[in-house]
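Q: Chain by chain, the residues run as shown.
2 protein chains.
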Amino acid sequence: MSEHMSRRDIDFLLYEWLDTLELPSRDRFAEHSRETFDGVLDLSEDIATKLFATHNKISDRTDPEIGPDGKVVLIPEIGQALSAFNDAGLIAASFDEELGGMQLPHTVARASTVIFQAANAATTSYAFLTVGNANLLAKYGTPAQIDTWVRPMLEGRFYGTMCLSEPQAGSSLADITTKATPVEGGSAELGDAYRIHGTKMWISGGDHELTENIVHLVLAKAPGGGPGVKGISLFIVPKFLPDGTRNDVALVGLNHKMGNRGTTNTLLNFGDGTFGDGDGAVGYLVGEAHRGLFYMFNMMNEARIGVGFLATALGYAGFQKSLEYAKVRTQGRPVDAKSADVAPVPIIEHADVMRMMLAQKSYVEGALALGLYCARLLDEEQTAADPDARDRAHLLLEVLTPIAKSWPSQWCLEANSLAIQVHGGYGYTTEFDVEQFYRDNRLNPIHEGAHGIHGLDLLGRKVIMDGGKGLQLLGETIGATVARAKAAGGESAEYADQLAAKVARLGEVTAQVWASGDPKLALANATAYLEAAGHIVVAWLWLDQSLSATGDDDFYRGKRAATKYFFAYELPKTTAQLDLLASLDRTTLDTDPSWL
Amino acid sequence: MSEHMSRRDIDFLLYEWLDTLELPSRDRFAEHSRETFDGVLDLSEDIATKLFATHNKISDRTDPEIGPDGKVVLIPEIGQALSAFNDAGLIAASFDEELGGMQLPHTVARASTVIFQAANAATTSYAFLTVGNANLLAKYGTPAQIDTWVRPMLEGRFYGTMCLSEPQAGSSLADITTKATPVEGGSAELGDAYRIHGTKMWISGGDHELTENIVHLVLAKAPGGGPGVKGISLFIVPKFLPDGTRNDVALVGLNHKMGNRGTTNTLLNFGDGTFGDGDGAVGYLVGEAHRGLFYMFNMMNEARIGVGFLATALGYAGFQKSLEYAKVRTQGRPVDAKSADVAPVPIIEHADVMRMMLAQKSYVEGALALGLYCARLLDEEQTAADPDARDRAHLLLEVLTPIAKSWPSQWCLEANSLAIQVHGGYGYTTEFDVEQFYRDNRLNPIHEGAHGIHGLDLLGRKVIMDGGKGLQLLGETIGATVARAKAAGGESAEYADQLAAKVARLGEVTAQVWASGDPKLALANATAYLEAAGHIVVAWLWLDQSLSATGDDDFYRGKRAATKYFFAYELPKTTAQLDLLASLDRTTLDTDPSWL
Chain A
1 MSEHMSRRDI DFLLYEWLDT LELPSRDRFA EHSRETFDGV LDLSEDIATK
51 LFATHNKISD RTDPEIGPDG KVVLIPEIGQ ALSAFNDAGL IAASFDEELG
101 GMQLPHTVAR ASTVIFQAAN AATTSYAFLT VGNANLLAKY GTPAQIDTWV
151 RPMLEGRFYG TMCLSEPQAG SSLADITTKA TPVEGGSAEL GDAYRIHGTK
201 MWISGGDHEL TENIVHLVLA KAPGGGPGVK GISLFIVPKF LPDGTRNDVA
251 LVGLNHKMGN RGTTNTLLNF GDGTFGDGDG AVGYLVGEAH RGLFYMFNMM
301 NEARIGVGFL ATALGYAGFQ KSLEYAKVRT QGRPVDAKSA DVAPVPIIEH
351 ADVMRMMLAQ KSYVEGALAL GLYCARLLDE EQTAADPDAR DRAHLLLEVL
401 TPIAKSWPSQ WCLEANSLAI QVHGGYGYTT EFDVEQFYRD NRLNPIHEGA
451 HGIHGLDLLG RKVIMDGGKG LQLLGETIGA TVARAKAAGG ESAEYADQLA
501 AKVARLGEVT AQVWASGDPK LALANATAYL EAAGHIVVAW LWLDQSLSAT
551 GDDDFYRGKR AATKYFFAYE LPKTTAQLDL LASLDRTTLD TDPSWL
Chain B
1 MSEHMSRRDI DFLLYEWLDT LELPSRDRFA EHSRETFDGV LDLSEDIATK
51 LFATHNKISD RTDPEIGPDG KVVLIPEIGQ ALSAFNDAGL IAASFDEELG
101 GMQLPHTVAR ASTVIFQAAN AATTSYAFLT VGNANLLAKY GTPAQIDTWV
151 RPMLEGRFYG TMCLSEPQAG SSLADITTKA TPVEGGSAEL GDAYRIHGTK
201 MWISGGDHEL TENIVHLVLA KAPGGGPGVK GISLFIVPKF LPDGTRNDVA
251 LVGLNHKMGN RGTTNTLLNF GDGTFGDGDG AVGYLVGEAH RGLFYMFNMM
301 NEARIGVGFL ATALGYAGFQ KSLEYAKVRT QGRPVDAKSA DVAPVPIIEH
351 ADVMRMMLAQ KSYVEGALAL GLYCARLLDE EQTAADPDAR DRAHLLLEVL
401 TPIAKSWPSQ WCLEANSLAI QVHGGYGYTT EFDVEQFYRD NRLNPIHEGA
451 HGIHGLDLLG RKVIMDGGKG LQLLGETIGA TVARAKAAGG ESAEYADQLA
501 AKVARLGEVT AQVWASGDPK LALANATAYL EAAGHIVVAW LWLDQSLSAT
551 GDDDFYRGKR AATKYFFAYE LPKTTAQLDL LASLDRTTLD TDPSWL
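Residue numbers (the numbering used here), protein chains in the order written: chain A, 1 to 596; chain B, 1 to 596.
Derived from the structure by calculation, the hints contain no laboratory data.
C-beta atoms are modelled at their ideal positions from N, C-alpha and C, and glycine is treated no differently.
Check the hints yourself; a few may be wrong.
[Claimed, not checked] Computed spacing ranges between beta-carbons, pair by pair: (1) A:E31 x B:D336: 45 to 55 Å; (2) B:T49 x A:D46: 31 to 41 Å; (3) A:K50 x B:T430: 24 to 34 Å; (4) B:D46 x A:G468: 51 to 61 Å.
[Unchecked claim] Here are some chain B residues pointing at chain A (derived, C-beta under 8 Å): (5) S33; (6) R34; (7) K257; (8) V328; (9) G332; (10) G424; (11) L443; (12) H451; (13) A526.
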């Protein structure tokens with residue numbers, strides 16, 4: 001049993017809420033059953049507890065460094081844990097059997113993932129960056145590229161990275177300057193050969209000695225493309241070439257971070273001559289030239305949902321730790337029994353501590369529900385019998401992706417802050433675990449698109465594309481829950497009314513901001529839109545969960561208490577955000593930087 | 001010039017807003033003038049910049065440790081900086097000339113303090129803990145106690161601590177178990193002698209080699225007191241006794257923290273026999289027995305406002321750093337000019353970055369205004385000619401203290417988070433400064449009364465004492481600003497209407513929760529009350545500042561932009577909080593811990 005995640009909650013979400021057991025009726029998952037799913041989850045808990053959680057703190061205290069030989073030095077526990085993970089076949093959990101994978105539904109594979117992330121976010125990242133890389137190549141690569149790079153990744157012999165950002169171009173990919181020059185020497189099978197010159201920044205897992213090879217997926221500009229993002233192509237640039245020679249990819253430096261320390265984060269030079277003649281690192285084109293961003297976006301959506309899970313896992317681990325603490329730590333007395341003769345009570349009995357526990361629960365379990373709901377949509381998109389259902393799942397996933405990335409990154413970080421607060425002074429010390437979770441989690445609103453970028457994505461793209469079909473579909477989907485909740489009556493019906501009003505208002509506000517006819521003004525408060533939409537979506541998922549939690553045992557009562565909390569304390573926060581949007585406030589546009 | 005604080009802002013607050021130049025007309029400050037005030041601020045900037053800021057990062061990376069001889073090892077820069085501070089007389093800035101002090105107004109002394117805190121919060125704490133200690137003893141100590149302990153503290157030869165918490169009793173002082181037993185050997189001058197046995201936790205500055213001696217102020221239970229807090233007395237327990245012998249105060253361990261590392265934080269044993277015969281550490285009674293908490297509260301109010309300044313300073317430093325960064329870092333293009341042919345713009349030109357800058361500005365300058373306003377009230381309380389004015393200042397300060405502690409601790413931490421966000425990935429690295437500010441600042445919602453405690457203090461004590469006179473006075477004081485703003489017309493009048501409505505609602509809600517007749521229910525959402533009241537108070541102070549910022553230069557425009565931001569983005573957040581309070585929501589009371 002993992003102490004960082006509630007297995008009861010995972011089982012509830014999979015089997016009582018998301019109808020995961022319907023999936024084995026589909027061809028792709030025909031070999032699976034509750035038994036195989038539980039087997040994977042049991043195995044995940046076992047490995048995560050015994051090999052991942054055990055070195056999380058050591059890893060935090062031992063920032064990776066570059067040894068005298070220029071190689072990255074990591075604590076050995078990282079490699080040992082990952083080996084067990086790979087040997088159990090978990091790195092290929094959701095991949096095709098044909099590629100050596102387990103062909104698990106994404107819903108179950110993600111539930112397995114989050115167990116590892118909660119136990120040790122940093123170590124886990126090496127594997128999941130590789131999964132994302134392999135997914136992209138499995139989809140867009142040639143058979144030879146798959147044989148050469150994907151299969152070894154799915155065996156855990158190679159790891160993968162995504163190389164997008166550059167020192168001068170983080171969020172703005174249009175400004176990357178890494179260049180790709182076509183050369184002789186490639187092959188139709190492995191892809192056209194190019195030489196790559198440039199510098200890539202913030203590359204997680206960018207160098208290490210954990211595997212025989214590292215497969216970098218690199219965005220670079222090849223001749224003949226348009227300006228900006230149109231000129232970008234995608235290349236496989238392995239650390240070692242297929243013939244075993246060292247490619248000219250040089251580790252320039254490691255970034256030292258406030259958290260998430262176990263994952264090396266690197267500055268890499270491609271083609272600077274360190275391991276070559278200066279003619280450039282050898283890269284193999286993926287797919288067609290100039291379509292690099294299209295391929296990468298495919299992987300980025302997955303990576304964004306993955307960041308949401310990472311944030312969720314850290315929030316969840318802090319929730320579990322502070323819950324345990326709040327139940328045993330005694331301090332103070334009830335407001336109505338202040339006499340010193342009365343024994344101090346466990347702090348969870350104080351209203352404000354209970355508030356902090358319910359807030360954490362609503363954030364972390366709400367975020368987990370959101371992430372698994374998205375994974376379920378991905379399964380639906382890929383395996384639903386009805387093509388229309390596939391399209392709907394795809395569209396809904398498009399709308400939900402910015403929220404699935406940003407909402408957990410914001411609120412599970414807040415959960416970690418509350419976990420510290422519940423621990424009092426102890427929570428601020430390195431003797432306890434929660435301060436590390438907080439530091440680790442502060443990364444998540446930054447990478448894979450900074451928080452504000454997702455507001456622009458949601459309000460500027462997702463809710464208006466196809467004439468607003470995405471938002472309409474979200475409204476219909478929530479509407480179905482609202483109808484069920486109304487039929488259920490009682491508190492559910494009250495929540496349904498509140499939620500329906502919010503969804504209607506969100507639709508109105510969306511129309512209002514775009515009716516301005518001025519994209520700059522419409523998008524000025526896109527972050528408030530993102531946050532309001534996120535709270536509405538999570539309120540919906542809480543209501544939906546609560547409809548599956550009608551029993552009398554403590555677990556169901558807890559789900560209903562968290563739902564009650566979310567509707568009383570959280571959803572009303574959106575009123576101010578939606579009012580701000582409706583007012584088309586110009587404060588940020590009209591302030592001159594020189595005034596600050 | 002300090003890069004961590006805006007001197008222009010300090011000057012504005014002191015001279016254009018708080019009418020600090022009226023103070024030299026009072027006897028106590030007759031030796032002072034704008035010239036002496038500016039001299040202190042100039043000197044503070046100079047020492048803070050040259051000696052405090054310069055080792056802030058090194059100090060963070062060099063966690064204090066216990067050397068082989070059992071002594072605390074600090075980097076030498078801490079002692080060097082503090083020596084310069086002491087030698088300049090700044091440690092005694094607000095003390096009586098008779099005690100060797102400068103007899104500066106608190107308003108100016110606090111402005112000096114915050115400059116040091118922004119440059120290096122951790123190093124500064126040794127001095128300001130000492131100031132708090134000396135203040136208490138100067139007020140309640142005997143002449144001999146003052147000569148023996150206060151004078152050396154004001155010369156910087158001794159430092160002081162407050163020893164309240166114990167491992168089992170943090171927020172709950174009723175449960176302390178440290179015992180004081182009266183013995184022969186004291187003197188009427190130095191105070192009755194006691195022997196002290198017990199363990200104190202979280203003692204900042206609890207041990208070090210910076211000074212000849214450390215003066216611990218220790219809460220302990222002496223025979224004959226009532227149960228709980230009534231039995232508590234206050235003792236001076238110096239590390240070295242007046243005859244030079246070592247007192248039995250033993251360093252048991254250092255707490256290793258996520259931030260604020262330069263300040264040692266200790267676990268101390270009193271009377272465990274390490275430096276004595278086991279009969280107990282020698283302590284000298286302060287004032288009368290069993291009135292310890294009364295004396296300590298006097299110091300705690302000051303300490304609480306001090307924590308507010310500490311949080312403010314860290315938030316301010318992050319604001320300054322991120323402002324500088326946002327103006328020079330280029331990335332991306334305006335929403336309405338996306339072509340790659342257009343050069344990237346400084347990120348502050350993006351609406352969401354400007355939002356993050358205005359939010360930070362409104363938090364940190366709002367918090368500084370709040371802190372200095374409280375310092376001005378303290379001057380008023382102590383030196384106003386009219387006794388009635390003194391009483392009013394005292395009462396208003398009582399009401400504002402929980403807000404002055406908690407609001408900056410919450411929102412200047414949020415400012416630090418935004419400063420990281422503005423820096424993107426760079427902000428997450430230890431190469432930049434902002435991640436340290438964020439870690440340092442996470443302490444402030446915890447110590448000197450955890451966040452929730454101040455909600456209970458405000459709603460459970462301050463706003464209802466004397467039949468609600470405190471809240472009434474706050475309402476009248478805000479009302480005066482509202483009247484001036486209405487007279488000014490324009491946007492000011494609009495803000496005045498919004499603010500007046502909020503103040504009225506706060507009054508109604510206060511009455512509503514107490515009308516329940518059930519203290520447990522009335523206080524169930526005291527934290528929401530604290531936060532709503534805090535936002536209303538800071539909105540008032542922004543409106544009041546803006547009325548003094550009517551000129552045309554950039555600085556005044558910036559003040560008005562921040563006011564606009566606060567009324568558009570921040571004040572509306574209180575609606576949901578006040579609605580929650582008015583609903584007398586029982587969620588936290590009705591949830592059983594076993595359900596979580």
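Q: Against each hint, give a clear statement of whether it holds in the structure.
A: Verification of the hints:
1. In this structure, A:E31 and B:D336 meet the distance hint of 45 to 55 Å, their C-beta atoms being roughly 53 Å apart.
2. Separated by about 55 Å at the C-beta atoms, B:T49 and A:D46 break the suggested range of 31 to 41 Å.
3. Hint check: A:K50 to B:T430, Cβ distance near 31 Å, so the stated range 24 to 34 Å holds.
4. Checked against the hint of 51 to 61 Å, the C-beta distance between B:D46 and A:G468 comes to roughly 60 Å, which is consistent with it.
5. For the restraint placing B:S33 at the interface with chain A, the shortest Cβ-Cβ distance is roughly 31 Å, beyond the 8 Å limit, so the hint is violated.
6. With a least beta-carbon distance of about 26 Å to chain A, the hint placing B:R34 at the interface is violated under the 8 Å criterion.
7. Hint on B:K257 holds. Least Cβ distance to chain A is approximately 5 Å, under the 8 Å limit.
8. Taken as an interface hint, B:V328 does not check out: its beta carbon lies about 11 Å from the nearest beta carbon of chain A, beyond 8 Å.
9. The beta carbon of B:G332 is positioned within 8 Å of a beta carbon in chain A (closest approach about 4 Å), and the interface hint is therefore held.
10. Nearest Cβ of chain A to the Cβ of B:G424: about 5 Å, under the 8 Å cut. The hint holds.
11. Using the Cβ-Cβ criterion of 8 Å, the hint placing B:L443 at the interface with chain A is satisfied: the shortest such distance is roughly 6 Å.
12. Look at B:H451: its Cβ gets to within about 6 Å of chain A, closer than 8 Å, so that hint holds up.
13. Among the interface hints, the one on B:A526 holds; its C-beta lies about 7 Å from the nearest C-beta in chain A, closer than the 8 Å criterion.
Checked against the numbered hints given earlier, the structure breaks hints 2, 5, 6, 8 and satisfies all the rest.
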